[in-house]
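S.K.: Chain by chain, the residues run as shown.
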Amino acid sequence: MANFIGVFLRSLEYGSFYALSALSIILVYKTSYTTNFAQATLGMFNTFLVATLVVRQGWSLYAAIPIGILSAIVLGILIDVIIIRRATKAGAVGKQIITLGLISVFLGLAPIIFGVDNLSLPRLISAGTLSIFGNPFSYNALFNIFFGLLIMITMFTTIQKTKIGLAIRTTASNETTARIMGVPTKTVTMAAWAMAIVLSLISGLMTAPYSSVSLTFMNDVQITAFLATVVGGFATFHGPVIAAYGISILLNVFQVYMPEGTVWGKPILYAVLLLIMYFKPYGIFGKQRVKKV
Amino acid sequence: MIQPEKKDIALKVENVSIAFGGLKAVDDLSFSIRRNEIYGLIGPNGAGKTTIFNCITQFYKADSGSVHFIHSNGKETNLMDLEVHNVIKEGIVRTFQNVELIRELSIIDNVLVGAHHVMHQPLLGQLFNRGKIRRDEEETRKKAEGILEFLDILHLKNFIAGSQPYGVQKKVEIARTLMSNPDLIILDEPAAGLNDTETKELADRIKKIKDVYNATILLVEHDMRLVMDICDHICAISFGEKIAEGTPKEIQSNPEVQKAYLGEEGELE
Amino acid sequence: MIKIVKNSYIQFILLGLALLTLPFIAEMGVIRNSTVTVIGTTIIYTIAALGLNVLLGFSGLISLGTAGFMGLAAYISAYVTETMNLPFEVAVLAAIIIPTFLGILVGILSLKFEGIYLGIATLVVAEILREIFINVTEFTGGASGALASRPELLGFFKLDRIQTYYLIVIVMVIIFMLIHNLTKGHMGRALNAMRGSEAAAQAMGINIFKYRLIAFGIATILASVSGVLYVHYVGLSYPTTWNLMLSLDFLAIIVVGGFRSIFGTFIGAFILFAMSELFLKPIPALANIAPLVKGILIIIFILYYPNGLANIKNQVSHWWQRRKGKKDEYGQTKEKKKKLTRAEVRENDTA
Ligand SMILES: Nc1ncnc2c1ncn2[C@@H]1O[C@H](COP(=O)(O)OP(=O)(O)O)[C@@H](O)[C@H]1O
Ligand SMILES: [Mg+2]
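Residue numbers (the working numbering), protein chains in the order written: chain H, 2 to 294; chain S, 2 to 270; chain P, 772 to 1122.
Hints listed in this document are in silico derivations from the structure and should not be mistaken for laboratory results.
Please note that the accuracy of each hint is not assured.
[Unchecked claim] With a straight-line Cα cutoff of 27 Å, these simulated DSSO-like cross-link-like pairs (lysine-lysine) come out: (1) H:288 to S:62; (2) P:883 to H:293; (3) P:1084 to H:90.
[What the hints assert, rightly or not] According to the in silico footprint, chain P covers these stretches of chain H (three or more CB under 8 Å from chain P): (4) 81-90; (5) 96-102; (6) 107-116; (7) 214-228; (8) 257-268; (9) 275-285.
Each residue gets a CB set at the ideal place from its N, CA and C atoms; glycine is no exception.
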């Protein structure tokens, strides 16, 4: 039992990483109809920037993070303005290909700018542990849990309750109608891209201390986040996020309780989630939309 | 109106309803189409005409009701049991209100797509481009050219479909339906976007298609002159419900129909 | 004469013959032997990229699993020939059938409802395969990789490096012909229709699920063939080779070369792979910019030149026809000519 609570809390912590990435994916998907495969790579890139400032330039983590956020916002705006906005003729597939091109660009750019070595990023909260039912739990882990939840709650209140949220929701449900109604859809899309890349950065900053900052350190998070988006459904903002936490619990249970779980827990979970894709194609929270012909 | 005898009927739509969210797009609608007639479906925008077409061709699955197709040999098929891509195998083919062509292909290639289900080309045969496959392609191409000629657009056959004027694109869609040896052709607003001369020509062609291809035709059209001119029977709907059914004359003089159309089309000729 | 050269088969064979002469040219000292090896690898990549082109170009579906399936085939072929000591032909069969079976399974799970799910599913499967490549060391040799020797045909005819190169060229020409057959007729139309308008395709009796599966099946088969040739030509397979970056290389190849074009695929592979191996890699300052360049090319081509380099041929013939048209008819039907040549773009399209 005590062990289980430990597993549960850890799931919530990892759930934050996945949920932040999933929210990043769904935000872009809903506002610019783009499946953003570059989510992890962009998160990696900005995390690398922060890590470089900290490790190589000796900055404090808290001074480097605002620079990372600024960079994320600028990148988001640039990507939307320079590329996505011009891709009107490209269609959904063309835009997906563009995000794949972005992966290549930033995977190529990162070693040129930041060097080829992996960097280790300190935790957001460097010290302190709490014992919860006999499980040692770092303040950092607890911070990740609560900060993740805080962001989710803030985002959903914004989306549901504020004027900005209304603009996002109308853009998401029908861009043309939204534009006719006077919603500045271009600004909404641009802001969504910026926000999405900031979310990826936060996910990266939380994940990095558990591994190291490398070109591929966020790939696992991205894959899980995509599966969460499919399982939660592309229809709502909250579906992917809830699914992300759910998958995180499953993953931790698999890894802890399965023989050889640390190696095979993840691949087996992925396979299970692919099955869910087949049986629940519109997600647990989505319903089948009749395509208008 | 006198009910037609069963063996004369080609399509029987019975008590079909479908709703999207709260909106009842089609509400308990029934009508029957006689074999080898031109049947018109009219109604204001948003009345549910396209939705009925989608329910017949199984792009939408109706919430309730049934759609039966009766072959000329008397065999009856419940279309609701079919997957959407199998409907054409029953001899039912349609066009779309918003022209659905493969824009970057030539007109002839677009038309050839219509022969998909009548061509029997096993994958391995195609892989090695066997003589049989080549002959099949050749014959189908000839047939397509014949149809393009029938519709007066043969000279455009190698042009890219997407760069053609709307009127031509509509014709290409019709040509594509003819490739499939159809028994029932469903046309969604075939005259939309055409000028007067083109519309007259189209009316003529539709009548000819009925005779030459021995087909039954079901169409939605807003151009009342065309509808009144070529249809044998008409069904008028409003808000998903049938308000009148009968010959063009009966429809024209029906007060319900006139009421439904006021403010929309103005008057019925 | 012109007519003969216009025949696609002849073009493929001419290309094949030209490639077959390279080892002789190397023998004469005009080019280096290593250049021939790079060209051989380029051809191998062309084959996998062509599979992706059938999938993405014709059907509009994205796969991020090309490298994963290619790697799986490479490991299977290496395992069957080296560890199990079975004939090369058996290895080829196993190395094509097993990944294709897996591919179809993934296709069934992801393609029934939404086309976009394939991208995600293949991303996931590539990751599962990567874990297998690293962790199932009995099968893959883990991080130290798997070794494979040159092919031995029919149990006695052992090929050397140059003969293997010939085999690769011949396989390429055959695959070009078969894919040409498949995509220019009935199936090509069905795939085109599906990409152009799902609704129209369905109304015309095209079973979308079936054709998506076929397209993905072809992509997987070609990735497998490519993987088999790779491991027996290069002699080695490392888990790090089969990563997402390689799958993106294939994507870049077809975006730059041209969707739906066989020659375009070859040209794309030549430019993106051979050129970067031969000209970028030897210069230290430029060695690392390849991914950046590829990424930028992908984006620029999608935005501004979506038909890829293969389109140059069409544009040249367009221009040539117009010139000829002017000469022939002194511009009297210039307008008409212009339109006609535009239509001809299509006729050359799949060549
Ligand atoms: N797939 C769909 N999802 C939601 N609403 C739909 C869908 N298809 C049709 N509708 C709605 O059904 C009603 C009837 O539409 P339609 O059949 O297209 O009308 P029309 O008679 O002009 O062809 C409209 O209000 C339309 O918005
Ligand atoms: Mg309509």
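S.K.: The structure should be examined with respect to each hint, and the outcome stated for every one.
M.R.: Here is how each hint holds up against the structure:
1. H:288 to S:62: 15 Å, holds
2. P:883 to H:293: This hinted pair holds, its Cα atoms lying about 18 Å apart.
3. P:1084 to H:90: 23 Å, holds
4. 81-90: With 4 residues close enough to chain P, the hint holds.
5. 96-102: holds (count 5)
6. 107-116: With 6 residues in contact (Cβ-Cβ under 8 Å with chain P), the coverage given for the region 107-116 of chain H holds.
7. 214-228: holds (count 6)
8. 257-268: As far as the region 257-268 of chain H goes, the hint holds, because 4 residues have Cβ atoms under 8 Å from chain P.
9. 275-285: holds (count 6)
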